[in-house]
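Let the sequences and hints guide you as you build the complete structure.
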Amino acid sequence: MSRIVSWQILVDRFKARMSSWKASLLFIGGRLTLINLRAIFFWGGHENNKKIAWVKWSNILASLDKGGLGVESLKAFNKALLLKWRWRLFNSPMALWVQVVKALHGEEAGMDFGGCQSNGVWAKIVGTINHLHSSGIIPFSSIRFKVGDDSSIHFWKDTWLGDEPFYIRYNRLFHLAINKDCSILDRFANGSSDWDWSRPITMGRTKTEFDKLIIDIANLNSDHMADLDS
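Note that our numbering has the sequence shown beginning at 1, numbered continuously upward.
Hints listed in this document are in silico derivations from the structure and should not be mistaken for laboratory results.
Beta carbons: idealized from backbone N, C-alpha and C, even for Gly.
Don't take each hint at face value.
Label-pair ranges, simulated between beta-carbon atoms [said to hold, decoys possible]:
no., residue 1, residue 2, range
1, 127, 100, 17 to 27 Å
2, 180, 59, 41 to 51 Å
3, 121, 213, 36 to 46 Å
4, 162, 76, 23 to 33 Å
List time: in silico DSSO-like cross-link candidates among lysine-lysine, alpha-carbon distance up to 27 Å [claimed, not checked]:
no., residue 1, residue 2
5, 75, 56
6, 124, 180
7, 124, 79
8, 102, 124
9, 102, 79
10, 84, 102
11, 75, 124
12, 56, 66
13, 66, 79
14, 180, 84
15, 124, 84
16, 180, 207
17, 56, 79
18, 212, 180
19, 180, 102
Rendered as structure tokens:
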């Protein structure tokens, strides 16, 4: 039996336990301790007798194609788990925990990139997720909505056409929009073509943005528009 196979049971058990951890509940010192323990274990030492680290830990964490050993980063793994909360929030709107979170933090639960007004575990989760998106570490297109007859998809704030929400792609128009929280159904109900702006759009970059937006909308699949009208 190879060494890899003999350790597989321990590896599988460790991964299973890691997936259930709520690392956001740990203080920075606690998370740092976990990371240090992994490094000590890797080099075969213990807390009172540390072995020499012949390679930088960052190189150990690097992927195989970049010359590393592909060891998972606890920090990156934790952020990936936190991002799943956003997917669960949208995928299970009737779940009890979702209703509780929305009652405490608003209908968008802080996921509209405005963040939560109060502190707490959920505020930390939302802050981390929003930072991952706004910094470009994880693109907005990682979670995309499929257009149908659901009025919960926001025209400006959700990613439903292309790789980013309209409030980023057409930022000038978003600032001029009176109803920034309108849904796709509200925008296209009964074939409406009226736009509510805080001032007329006549020329310049704002007019260019508006023309591009009209082209994007015109290229929508006719089946999607039929769903919205039904």
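Each hint tested on the structure:
For residue 127 and residue 100, the hinted distance range of 17 to 27 Å is satisfied, since their beta carbons lie about 19 Å from each other. For residue 180 and residue 59, the Cβ-Cβ distance of about 46 Å falls inside the hinted range of 41 to 51 Å, so the restraint holds. Remark: the range hint 36 to 46 Å for residue 121 to residue 213 is upheld by a beta-carbon distance near 38 Å. Evaluation of the 23 to 33 Å hint for residue 162 and residue 76 yields a pass: the beta carbon distance comes to about 26 Å.
For a cut-off of 27 Å, the pair hint linking residue 75 to residue 56 stands: about 16 Å separates their Cα positions. For a cut-off of 27 Å, the pair hint linking residue 124 to residue 180 stands: about 25 Å separates their Cα positions. A C-alpha spacing of about 11 Å is found between residue 124 and residue 79, which places the hinted pair at or below 27 Å, so the restraint holds. Distance hint between residue 102 and residue 124 is fulfilled; the C-alpha atoms sit about 15 Å from each other, no more than 27 Å.
Taking the CA atoms of residue 102 and residue 79, the gap is near 22 Å; set against the 27 Å cutoff, the hint holds. About 17 Å separates the Cα atoms of residue 84 and residue 102, which keeps this hinted pair within 27 Å; it holds. Annotation: proposed proximity of residue 75 to residue 124 holds, straight-line Cα distance about 14 Å (limit 27 Å). At roughly 14 Å between alpha-carbon atoms, residue 56 and residue 66 fall within 27 Å of each other, so this suggested pair holds.
The straight-line distance between the Cα atoms of residue 66 and residue 79 is roughly 22 Å, inside the 27 Å bound, and the hint therefore holds. For the hint linking residue 180 to residue 84, the alpha-carbon distance of about 26 Å falls within 27 Å, and the restraint holds. This hinted pair checks out: residue 124 and residue 84 have alpha carbons roughly 14 Å apart, not beyond 27 Å. With a C-alpha separation of about 18 Å, the suggested pairing of residue 180 with residue 207 holds against the 27 Å cut-off.
With a CA separation close to 22 Å, the supplied pair residue 56 and residue 79 stays within the 27 Å bound. For the hint linking residue 212 to residue 180, the alpha-carbon distance of about 19 Å falls within 27 Å, and the restraint holds. A distance of roughly 19 Å separates the Cα atoms of residue 180 and residue 102; the hinted pair therefore holds under the 27 Å criterion.
Checked against the numbered hints above, the structure breaks none of them.
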